[in-house]
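Chemist: Sequence:
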Amino acid sequence: MKSGHADDVLTMVIYNSPDEYQFNRQLYGYETNNGGIYIEGTGTFFTYERTPEQSIYSLEELFRHEFTHYLQGRYEVQGLWGQGEMYQNERLTWFEEGNAEFFAGATRLDSVVPRKSIIGGLSNDPAKRYTASQTLNAKYGTWDFYNYSFALQSYMYNKRPEMFDKVHDLIRANDVSSYDAYRATLSKDNQLNEEYQSYMQMLIDNRDKYTIPQVSDEYLTQHDPKSLSDVTSDITNEAKLKDVKVTKNTSQFFNTFTLQGTYTGSVAKGEVEDWKVMNEATNDMLKRLSGKEWTGYKTLTAYFVNYRVNNAGQFEYDVVFSGVNTEEGTAVEKEPNNSFETANPLSLNILLRGTLSNQDQGDKFVIDVKDQKDLQISVTNEQNLGLNWVLYSESDLNNYVAYATKRDGNKLLGNYNAKPGKYYLSVYKYGGGTGNYTVQVK
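One point on numbering: in the working numbering, the residue at position 288 of the sequence shown is 698, and numbering is uninterrupted.
Under the rule of at most 30 Å between Cα atoms (straight-line distance), these lysine-lysine pairs were calculated in the BS3-like manner:
1. 569 with 697
2. 821 with 697
3. 821 with 655
4. 655 with 702
5. 697 with 619
6. 829 with 702
FYI, nobody ran anything at the bench for these hints, they're computed from the structure.
Since the structure is predicted, the reported quantities are computational estimates derived from the model, not experimental observations.
Can you make the complete structure from the sequences, with help from the hints?
Modeler: Structure follows, in structure tokens:
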């Protein structure tokens, strides 16, 4: 992958209806007898909204399909689409279209699943289904091969991952002769064809048990502020990672982060078996994190790369998490704030960062409560200092009304049912050292 290409930024053109999509020929010069099209030379894909009466596939399914074509052109196949030897004689037709249909079933928590809609395109009559050889050598001119190419790649992914990987590796390496030889070998593999037919029958028999994956509405939610150090701690602990590195990413719309660390598994049993274990482990990591209170974890994604075996004979992978970063906009304490008179204002639902040291052993914040509410107070002790907090009411600054009653890792949690008025949160240290903390009151 090189920079400076049209697909450095993906452009998406979405029409409101199939009728409006017909104008794509006049506006851009592309055929419209399709559900969508990706043009690698301009880094643009075109598709349209449709109703269930107009199409068995939703806009999101087509969006996923065309986005996969973008990924293929960007990361998988060398050269622009249709150019280069690998593209000649429709070598990749079965792969590209079936691959796009397959990955349109990607989920956040359960790997890649067969879509109920695409299974419906497989014939109920076994005699009318494609053989493995027909699928591997399919060419444009009919829509049926999309369904059967999906099924073959779904079979490979779930039953023969080493086969799935080898196809990808040969394409990525642009090794045309080896790819041709391997495709020819697979086309003559009778056992592969038998298992492929059985897999399709299993999909058809269980079609009603499958769904059509959709992106969660959580991606449209305004998530509460949360310090990136807290997020890093949660992910590192849940995923049991070491050598963790975090990168912040910014855009005009929202900020994100990327976290990468090393996961050490059990005794290695070979790459294929270790991949299966790691795949399930990654799903489980995301599910556990999704169960935590912060809703941002429900948009977290992860993948793993760089398989290896360490000196102890255990398998290792680099695991990469990506998620929304709501730390930007975090308030920072202003000194002096060591007394009730100099207390910093602390707004509800705003994350605030402070520092304590041997020279500054306490900070105070004033909270203005307009309506009666149950204040949820959370102080994160980032450096594990001897640290605590108490809450005072303006009516009695000598006796606190609440204090931390629960520890959750390095978080000090508590609550208080507050009537309207001013309250003072005092964060203090009782041991040596210097360190940061964050506080949030909801």
